[in-house]
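A.B. asks: First to last, the sequence lines map onto chains A and B.
Numbered according to our numbering, the first sequence spans residues 892 to 1298.
Numbered according to our numbering, the second sequence spans residues 892 to 1298.
Hints may be right or wrong, so weigh each one.
If several chains are the same, the list does not tell them apart, and a pair holds so long as it fits within one copy or across any two.
As the list claims (entries may be wrong) - Here are the simulated SDA-like pairs of lysine to any residue, each with C-alpha atoms no more than 25 Å apart in a straight line:
(1) LYS1110 / PRO895
(2) LYS1062 / PHE1113
(3) LYS894 / SER993
(4) LYS1110 / GLN1169
(5) LYS1010 / TYR1027
FYI, nobody ran anything at the bench for these hints, they're computed from the structure.
Because the structure is a prediction, the values reported are computed rather than measured.
One-letter residues, chain by chain:
Protein chains: 2
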Amino acid sequence: MNKPIAAIVGVGRTDFGEFYERGYMGLALEAGTKAIECAGIEKNEIDGIFIGSFLPEITENQGLISSYFAEELGTNKPIIRNEAACASGGLAVYNACMGIRSGMFDTVLVGGVEKLTNKDATSSLNIAMSNEERQYGFTFPALYASMALRHMHDYGTKREHLAMIAVGNHKHAKDNKHAHFRNQITVETVMNSQPIAYPLTLFDSSPVSDGAAALVLVKPEFAKKFENPIYITGSAYVTDSVGLYAREGTASKESENPFAGFTSIKATKLASEKALEQSGKTLRDIEIVEVHDCFTIEQILALEDMGFCKKGNGGNVVEDSFDNKSSHIVYKTDYGEKIFNCGGGLKADGHPVSATGVRQFVECYEQLSGISGHPVYKNLGKMPDYALTHNIGGTGAAATVHVLEIC
Amino acid sequence: MNKPIAAIVGVGRTDFGEFYERGYMGLALEAGTKAIECAGIEKNEIDGIFIGSFLPEITENQGLISSYFAEELGTNKPIIRNEAACASGGLAVYNACMGIRSGMFDTVLVGGVEKLTNKDATSSLNIAMSNEERQYGFTFPALYASMALRHMHDYGTKREHLAMIAVGNHKHAKDNKHAHFRNQITVETVMNSQPIAYPLTLFDSSPVSDGAAALVLVKPEFAKKFENPIYITGSAYVTDSVGLYAREGTASKESENPFAGFTSIKATKLASEKALEQSGKTLRDIEIVEVHDCFTIEQILALEDMGFCKKGNGGNVVEDSFDNKSSHIVYKTDYGEKIFNCGGGLKADGHPVSATGVRQFVECYEQLSGISGHPVYKNLGKMPDYALTHNIGGTGAAATVHVLEIC
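With the rest of the complex left out, here is chain A (with noise of 0.2 Å):
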């Protein structure tokens, strides 16, 4: 193992859901404390806290919510606040490790909040797009149905390969006692759901979720005195043009293919790289990948954009790793079977923005320490060892990734 970045050593987390009955605070501190009680700490072995919230100002009218928080637990460490957009949770998590490398902290709280049903969800996260693109009346589905578009063109992608990711994440999330959506679809249900932006239906899009999820982070000479540890061992952030027409290989940049830049992300692509050989891993060592399905297309971006397939090959993968009777969906990519999403990615576990960053880190917790409720093993035929993380902000204007594993 290359020298480990931080263990964590405790999670928590919400239901992830509409909870208008429900406020921000309430969320944070639910995730929060169980994660301290999963960690075995007490409270104030906390030495600061790192939180993830992308709106807090446009959902809960309030700013300086490093000091919300310091108010709400009565303390005076320090509590910084993480945003970058729907990648806020993992760079909070970027921002706790660097946190911990520096010397300056031994044990932190990590956290991601966000309460989406206060306010319109789509036009509240449109300020995570450029300016040009919200003048000309794009939305994120909008944005992303172009990249569907262009990749179904370019690649021969079929609108069957995106409802199969769905319909996957879904079956992730049947035994996810915490996900926004159990309940199982089909392809047709997908397909023929309400129209959102074509080739995108309502089945393609994550849902508007409140929800929080936290863990605790030690620095690694503190691992072993813990129950399940498990490292992190690469951490990357990469940040991009805030407008997608605005990257590389896009109408807007002289490039061979003129519209490469619609069909992969190239934040996705330098964040793994530069994560796994942080790390010492290959994506042969990985064995459960939880990336950032805001809308299903984003998965094959993913799935190749990591080099788990060719660029255009996604497709194929997910059509041929599709199994309707399996509890699981394992994808053969080009370096082994993996299964994404374990307990249903932001499709069908939810997308409470910043949360999730950090939620993917609780998933991961779950299944390489084997406290999951809904664990992957007997899908992988044993325990598995290593995982990555995968969370983007805006269009791919900026991502993290890490890599996690046993100690």
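Knowing the structure of chain A, use the given hints to seat chain B on it.
C.D. replies: Positioned in the frame of chain A, the structure of chain B alone reads:
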């Protein structure tokens, strides 16, 4: 010298003022470019960027600001947004120091930027107070006025003391070519100006400014390669309740003096103790101090809370040090003579929120390295070797304090 955390090797800033014709990004780029030129490095030597910005979602209708910068700069490097209301600039420096200490970054650009004249600033800034305070109709001027009134009631602080602070800060801005206000004022100007919230008038209040400031920070081992390196040897960030009424020693909590929390900012006290301890310096060593004088009363609170004089004696220090004829006000503190707010502070240099916490470092760097256009050394009798910066968010819900030393 205790172990240095990082070295400042280049600084840049824009003019501060009401720039209706200038944009957010243009201001940020001007400051960043100047800092890079000042350091004499190439852009591609920068490993990462830490941006302090509080209100882009509101004033620019732009979120995911990190990637907005990535687009402008054409980079995929980590760009991290830092937000703690008016302490966002100080937090950006604190987090950049963390980044350097972590070993993840050797050379970083730290920026602070705000464009306040796009919107009604007072109501935009209101989101940095607690919901309860807003519901009862408070604004920040009103909250600071309540602190000023209580200080006058408990300690006999005079209205004139507050005015003298404004006069002194305008004196210091006289030769600061970047300052929002370089005009010279009198105690009468302040006392007879437009009432804002009794006892504070227009001239007790920092202005609504646009502007940006930036630093190039490198790891200590790199410092000697540069012409004028200045070390950061202490870096602290402390949080407290977002609501003033909810802090220790306010009416809502049991306390010997049930109003002590209105006349003292605990976050300032804790952060300055921590930063000084880290640096191995005492208040006696510090020669120049940049404090967060968003309203004149706050300069008195900072003087007392950092321990330059006893609680309640700040007004007397100001009166005893006041010299209408001198170009600078030299405070006669319990730990020797100090110059506060060398370039005019928030009051006269201006207060483009998140730029402020970074601008304080620009000021100290220029004073310590001897390149300032408005040097204070003649009034100190020597070139200063040690400086301290103090930046707060809300009414003291967050505070950052840093100690700077010449190499």
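A.B. asks: For every hint, state whether the structure bears it out.
C.D. replies: Results for each hint:
In the homo-oligomer, the alpha carbons of LYS1110 and PRO895 lie at most 25 Å apart both inside one protomer (9 Å) and across protomers (22 Å), since each shortest distance falls under that limit. Taking identical chains as interchangeable, the C-alpha atoms of LYS1062 and PHE1113 are never at most 25 Å apart, the minima being 37 Å within one chain and 54 Å between chains. Taking the shortest Cα distances, LYS894 and SER993 sit within 25 Å of each other both inside one copy (14 Å) and across copies (14 Å). Taking the shortest Cα distances, LYS1110 and GLN1169 sit within 25 Å of each other both inside one copy (17 Å) and across copies (21 Å).
Both within a single protomer and between protomers do LYS1010 and TYR1027 lie at most 25 Å apart by alpha-carbon distance, with minima of 22 Å and 23 Å respectively.
Of the numbered hints listed earlier, the single one contradicted by the structure is hint 2.
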